[in-house]
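Chain Y is already provided as a structure; the job is to place chain D on it using the hints.
The primary structure of each chain is shown beneath.
Number of protein chains: 2
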Amino acid sequence: MWHAAWLPPEAFRALGSRRTVVHGDGALVDTVRSEVDRAVAASGSGGGPTYDLVLALDTAEPLPAEAAAVRAEAGELGPEGFALARREGVTVVLAGGPAGLLYGLFHVVRLGESAFGADRPIETHRPWAARRMVDHWDNVDVHPVMGQVERGYAGGSIFWADGAFRGDRDRIRAYGRLLAACGINAIAANNVNVHATEARLLTDRLGDVKAIADTLRPYGIRVHLSVTFAAPAVLGGLPTADPLDEGVRSWWAAATRRVYETIPDFGGYLVKADSEGQPGPFAYGRSHADGANLLADALAPYGGVVHWRAFVYNHRQDWRDRSTDRARAAYDHFAPLDGLFRDNAILQVKHGPMDFQPREPVSPVIAAMPATRLAVELQATQEYTGQQLHACYLAPMWSEVLAFEPVEGRFAELVAVSNVGDDPFWTGHPLAQANLYAFGRLAWDPDADPLSILDEWIDLTFPEPPEPLRQALHAIMDGSWRTYERYTSPLGVGFMVRPGSHYGPDVDGYEYTPWGTYHFADRDGVGVDRTRATGTGFTGQYPAPWSDVYESLDRCPDELLLFFHHVPYGHVLHSGSTVIQHIYDTHFAGAEQAAEMRARWAEAAGLVPADVYDRVRERLDEQVRSAQEWRDQVNAYFFRKSGVPDAEGRRIY
Amino acid sequence: MWHAAWLPPEAFRALGSRRTVVHGDGALVDTVRSEVDRAVAASGSGGGPTYDLVLALDTAEPLPAEAAAVRAEAGELGPEGFALARREGVTVVLAGGPAGLLYGLFHVVRLGESAFGADRPIETHRPWAARRMVDHWDNVDVHPVMGQVERGYAGGSIFWADGAFRGDRDRIRAYGRLLAACGINAIAANNVNVHATEARLLTDRLGDVKAIADTLRPYGIRVHLSVTFAAPAVLGGLPTADPLDEGVRSWWAAATRRVYETIPDFGGYLVKADSEGQPGPFAYGRSHADGANLLADALAPYGGVVHWRAFVYNHRQDWRDRSTDRARAAYDHFAPLDGLFRDNAILQVKHGPMDFQPREPVSPVIAAMPATRLAVELQATQEYTGQQLHACYLAPMWSEVLAFEPVEGRFAELVAVSNVGDDPFWTGHPLAQANLYAFGRLAWDPDADPLSILDEWIDLTFPEPPEPLRQALHAIMDGSWRTYERYTSPLGVGFMVRPGSHYGPDVDGYEYTPWGTYHFADRDGVGVDRTRATGTGFTGQYPAPWSDVYESLDRCPDELLLFFHHVPYGHVLHSGSTVIQHIYDTHFAGAEQAAEMRARWAEAAGLVPADVYDRVRERLDEQVRSAQEWRDQVNAYFFRKSGVPDAEGRRIY
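Quick mapping for you: the protein sequence lines, in order, are chains Y and D.
Take the first sequence: its letter number 41 is residue 41 in full-length UniProt numbering, and every next letter is one higher.
Take the second sequence: its letter number 379 is residue 379 in full-length UniProt numbering, and every next letter is one higher.
The following block holds chain Y by itself, in its conformation from the complex (with noise of 0.2 Å):
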């Protein structure tokens, strides 16, 4: 079996002991049915002589008298949003349509006994964007370099295995009742590297992603498709993927029409084109608004969707070339053809201008888009990160690049690479589920604080956490992710890990190669210039006055200083520091907080199940080896190169 994750029987403890009735009618309003019984038998009770809490559809008749009065006082709900209120020892949950009445549910179950306390005045939730979606990296057949899943660090699929569907309904079925507690609505079934058997699953293959849909649906979550932009090709046999091409777009429209036939409430297709090796537009002398609206069009009669992604760069760059700026890419594409993309086309773009590195600046893709409905895309699964050996809590970095300002309004969507594997703790290390976890929070309210959503997270995982293992887990997660940078790659350069397999470090590994991902350290500084006076002009893809923030020495955040500038070694940073000792104590200190982690870990034995517990410790021993051998090897590389001792004489190799 499984961990439970978010969903214990015990965090169902407080639903389930009251005596609870559901108003309306349909597949997801019995979900809720289900889950309020299931409750009731876990907890053996649910007894009394009136309702406690009454769920109920807004439109369901007849309403009981106490939701019709939080009807009278509700504004609109729309069809996924609820409201709650607590009046004269009743708790109403009103919802404006099924999914509505499942995130109600769950909100009951986040509140726990204080949904039963005292009243509560009435208060609406809405999630801020209809989509929130995960992409699923997972290969139908194992790939002979990326494996099962590509990036992945949860062991295989729980959706594919050794070229087949896995056919396991019942984990299927648990994973989409965890995305639907914490608000996700929509998975992408496989790898946007769209290899050959996965093409097929467009076609002949596609009873596999109705099983998928139809395991799913129960929660309220839609299936898309990654498809290969060459599908009419090599799926087809047509002589041309053009999408101007009269006969491709006809094929489209079958294909997806089959599609429709199968899968009524199918959500859309996912496309990585132009990158890395994935064909795409540019082989027709075609635009990426002319292929996203291909697709576009195609979905558009049945309410479909394109998530088209905007990473396309120069993979095949030539390290000798200083003035070729990966960074660049994604704007340079795509900031050109705002305008130009169908309305249910979305330009999905990674948070960064670079790849999922552990610190970026935003990309500024996103704010030069207007006119163009753009995902953010965020990495769940610790490709650079961490891999789910280091305890990481992405949350904070994510809220950082949601609350930067050219990009609040400028984006409709959230999207994430997900991190779940058939792992029985579902990704690896237990404390990386709370990474997907938040996400689905974040994706449902961008504005929310992502200490509170860990809180969320300790209270359901460990319902009623005795207080010595909250702070244990806070002491562990809160700052983990700023942890994980100091040990790594410092101020913003980014890179700096293994080639291939993206673990551990390797200062040079990336500094020589094809991918555009370089730091220039020589024996006087460190750093890529990327401002328009001496550098790539990068900084000017930004609006004022962030254009000039970055441009600016002075002004620039020290977090991102050799994201930006290359400096000498004794530049003196915003904190006083130079560049080179803040490289050593930075390292020096990330090693030390990861042994505190470790040390805090041991704080939660017996107050957790001891698999979760050993299965922590594990990985934790791995984050202080591994952790130290980042410190030593940056600490080593940099005062080779610099020839600067370390301040406080700690030992460097």
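In case anyone wonders, no lab produced these hints; they're calculated from the structure.
A few of these clues could be false.
Here are a few chain Y residues that face chain D, going by a calculated C-beta distance under 8 Å [what the hints assert, rightly or not]:
{"hint": "1", "residue": "Asn344"}
{"hint": "2", "residue": "Val507"}
{"hint": "3", "residue": "Asp508"}
{"hint": "4", "residue": "Tyr512"}
{"hint": "5", "residue": "Arg523"}
{"hint": "6", "residue": "Gly643"}
{"hint": "7", "residue": "Asp646"}
{"hint": "8", "residue": "Ala647"}
Where is the CB? At the ideal position from N, CA and C, for every residue including glycine.
Using the frame of chain Y, we list chain D on its own:
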């Protein structure tokens, strides 16, 4: 089909146009007869009233008068030796045994018309060593990382494919013929890293080994097998593989008896023990002499030998630990065991103390074990010397090793790791055939001149080569090893290759790894201090005066300077150049020379078959590209570290 390598029909023209008689009996003599028949058939001649060539075993009765006269004058020939003379228009080859007759025949082929010209005084040829062996690192199963052939750059294996015997006996026979023609008489048929399937070649899959042995036997080649030291446990189900355990000794005795019942002329075992994860005697607290003698005792009743590799070192070293020196490992492990090995145990020592780098000092083990039979292991497969994408004729390097004074007379035989695969050209790069040919000739006579061997190879492979072709081949191949050295890691320091693949530059690629292969470059200098005075003490493993020569910064040869010393970039070499300027100069020169090699090959257009021309041209294109990449990465790396500009102001990135 496959390329004829150094045995094209044209190479047999002089032989085939003569009237030849063969005296003697047996399978190898039949092979000689069939070679003569094939040559005559190819040239369509062979007429004349008397014999031009007499090939005779010295035990044949009756011997013709010409041969009897040679026998009267020739000394002891031994089982593989032969005498050659030409008198009164008759060429005589008199052999001490069937294999000698075969070698004598191929010697006549090498001589061509000059075997049939003026009279030749009697000359005798005997191999310097009784065994001349190539080790195939061929896997039976395709290894998930290493593939069908570990470190193989010539396609698949000629013996194995996808988990089974390949069954292409014609190809194996053709291979045996090529080996015999350059004097090789033994092969190990599987990789020294013995995985699960390969282990069973010793037992239930022995039939496959027999098939190979049967196919190679007509060319005088005996088959050896790589075995796992853990065989009694993994194959025999015993609770231990302890070499002093009686059950283990009985198991090996019985297993070996079955091998010889199946293959009466089986050569013996090859073992990689306690090395890079392979099992060995250390697990039982036993010495490597105990381990080797276990197998030697099992093989002794049948005249078999065990080759026991000395490649034992800590491959999980901590890069922070400056006191551990991989170069010391083989000597530290094995020198104390001198005199403890059985007569039929052969300690197989890599020619350098590290691992087949383009430049290393000679292994001090070779001079340190006078009471042990040693084989010097060379690597024809170009793992670190361009992987058969670069032309790199290795015989000059091997000759330098073999001529190193403390080594002369201290080794009993030569072994090479094979560079052959199922590629149509056998070795990927057609010019890499010369490395296998030259190995065979050096194993027969370690004093042979590598450039004379190259001439032999050219004359056989491109019969009657036009002078421009001969000159182009010499221009490309003579100095190709030194050219490769110039554009790769400088002054003997080694590595600086991409981890894993070992192809292409990555200066820091191994610098912070557990492999023990470091250069310690910092902003002030570079190199490994292996002196007794201040370093790891490795110099002390050499006998005087070499220990003092290497210890001395003044006397250490330039080409090994950074192997033995850590020096500032401004250190002045014997050449008069500084270390940093030497790095720049050699890298610019090496890349230029690669471009010159390509230019010279253009002169071969129309003078060699088109497929040979095209294959070599493609590889030279890659060599030029790769040499420029090496040049630019190494120069950029050391410029960034040292800050010293190139004295000639050339472009450094």
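Comparing the hints with the structure gives:
1. Asn344: violated, 43 Å
2. Val507: It holds, given that the least Cβ distance between Y:Val507 and chain D is near 7 Å, below 8 Å.
3. Asp508: holds, 4 Å
4. Tyr512: Result: holds, 5 Å to nearest chain D Cβ.
5. Arg523: holds, 4 Å
6. Gly643: holds, 5 Å
7. Asp646: violated, 15 Å
8. Ala647: violated, 18 Å
Checked against the numbered hints given earlier, the structure breaks hints 1, 7 and 8 and satisfies all the rest.
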